[in-house]
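Number of protein chains: 2
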Amino acid sequence: MRNLRQWYTEEFKDALLQNPPVWFKSFLFCELVFQLPFFPIATYAFFKGGCRWIRTPAIIYSVQTMTTLIPILSTVLLEDFSNASCFKGQGPKTFHERLFLISVYMPYFLIPLILLLFMLQNPYYKSEEKRKKK
Amino acid sequence: MRNLRQWYTEEFKDALLQNPPVWFKSFLFCELVFQLPFFPIATYAFFKGGCRWIRTPAIIYSVQTMTTLIPILSTVLLEDFSNASCFKGQGPKTFHERLFLISVYMPYFLIPLILLLFMLQNPYYKSEEKRKKK
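Here the protein sequences line up with chains Z and L, keeping their order.
The numbers in the first sequence follow numbering that gives the first Met the number 0, run straight up by one, and end at 133.
The numbers in the second sequence follow numbering that gives the first Met the number 0, run straight up by one, and end at 133.
Calculated from the structure, these hints are not laboratory results.
The structure displayed is predicted, hence computed values, not measured ones.
Please note that the accuracy of each hint is not assured.
If chains are identical, the list can't say which one is meant, so a pair holds when it fits in one copy or spans any two.
To be verified - SDA-like cross-link-like pairs, simulated, lysine to any residue; straight-line CA separation at most 25 angstroms:
(1) Lys87 with Ser73
(2) Lys24 with Ser81
(3) Lys47 with Pro19
(4) Lys87 with Ala41
(5) Lys24 with Met118
(6) Lys87 with Asn18
(7) Lys47 with Ile110
(8) Lys92 with Gly48
(9) Lys87 with Val21
(10) Lys24 with Phe80
Whole structure, please, built from the sequences with the hints as guidance.
Okay, structure coming up:
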């Protein structure tokens, strides 16, 4: 596992995983505590079907995950990874390397976004909401 | 305004506002784009009353705001603010100074938490949800 991580961080120039800052570690903590428990619950709800109660947990999960990706993607795209910076020359240098690393993290933003839009737009899940408005 | 900010950052040893890292700036961006527009909408909904449709926006707002506070509070509590660190000696040194700064940021976590719990627990807003489960 450590070799895999070393290969990944060097290959993808992922400075965040190489020397995780405190803020990044706090998100790993979030993932363990709030996001992982959601997966079995959601899997159950979607396989069983007809579980409207999954709407609110799914909205909370997707908003929380998407929010954690905002600083991660911003850092990958805009952070100063020069030798003078906190990352001491680790991390992507060229714009191409930054985009490469963004493509690694982007799915963790897009999949919750799709889930959120699905929960907000799907007539089955929002049907009650609609009635509330009337 | 700049004097006020200077006074605050020096008085409260807020290294995040003194030299905002990219990840912290991305949250300031979130606040402007997603959180500020929520306030007039929520004010309208709560003053008008009976607006069940505010439930989902309120949940999204509070989860998003609380999530941004996790790395901020973690950094204030656990980050290395020594001269050798990225913050170059700026920021709270003693545990008391850290707690003092946490007390500044804590309301931005607690108020959304209260709003979230209110929206999840209040029988008026969750009444439809309940019916869904049955």
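Review point. From the Cα coordinates, with 25 angstroms as the cut-off, is the pair Lys87 and Ser73 best called within, between, both, or neither?
Key: both (18 angstroms within a copy, 22 angstroms between copies)
Practice item. Could you figure out if Lys92 and Gly48 sit no more than 25 angstroms apart (CA to CA) within one copy, between two copies, both or neither? Key: Neither: 46 angstroms inside a chain and 53 angstroms across chains, both beyond 25 angstroms.
**Study point:** Intra- versus inter-copy proximity for Ile110 and Lys47 (alpha-carbon distance at most 25 angstroms)
**Key:** Result: close within a single copy only, 21 angstroms intra versus 35 angstroms inter.
Review point. When no copy is specified for Lys24 and Met118, does a C-alpha distance of 25 angstroms or less occur within a copy, between copies, both, or neither?
Key: The answer is neither: 29 angstroms in one copy and 29 angstroms across copies each exceed 25 angstroms.
Check your understanding: How do Lys87 and Val21 come out at 25 angstroms by Cα distance, when the copy is not named: within, between, both, or neither?
Key -> both (16 angstroms within a copy, 16 angstroms between copies)
Review point. Between the shortest in-copy and the shortest cross-copy C-alpha distance, which are at most 25 angstroms for Lys87 and Asn18: within, between, both, or neither?
Key: both (10 angstroms within a copy, 18 angstroms between copies)
Review point. From the Cα coordinates, with 25 angstroms as the cut-off, is the pair Lys24 and Ser81 best called within, between, both, or neither?
Key: both (22 angstroms within a copy, 19 angstroms between copies)
Review point. Given a CA cutoff of 25 angstroms, do Lys47 and Pro19 count as a within-copy pair, a between-copy pair, both, or neither?
Key: Result: close neither inside a copy nor across copies, 38 angstroms intra and 46 angstroms inter.
**Study point:** Copy assignment of Lys24 with Phe80, given that the CA separation must stay at most 25 angstroms
**Key:** The answer is both: 19 angstroms in one copy and 16 angstroms across copies each meet 25 angstroms.
Review point. Can you tell me if Lys87 and Ala41 fall within 25 angstroms by alpha carbon in one copy, between copies, both or neither?
Key: neither (41 angstroms within a copy, 44 angstroms between copies)
Checked against the numbered hints above, the structure breaks hints 3, 4, 5, 8 and satisfies the rest.
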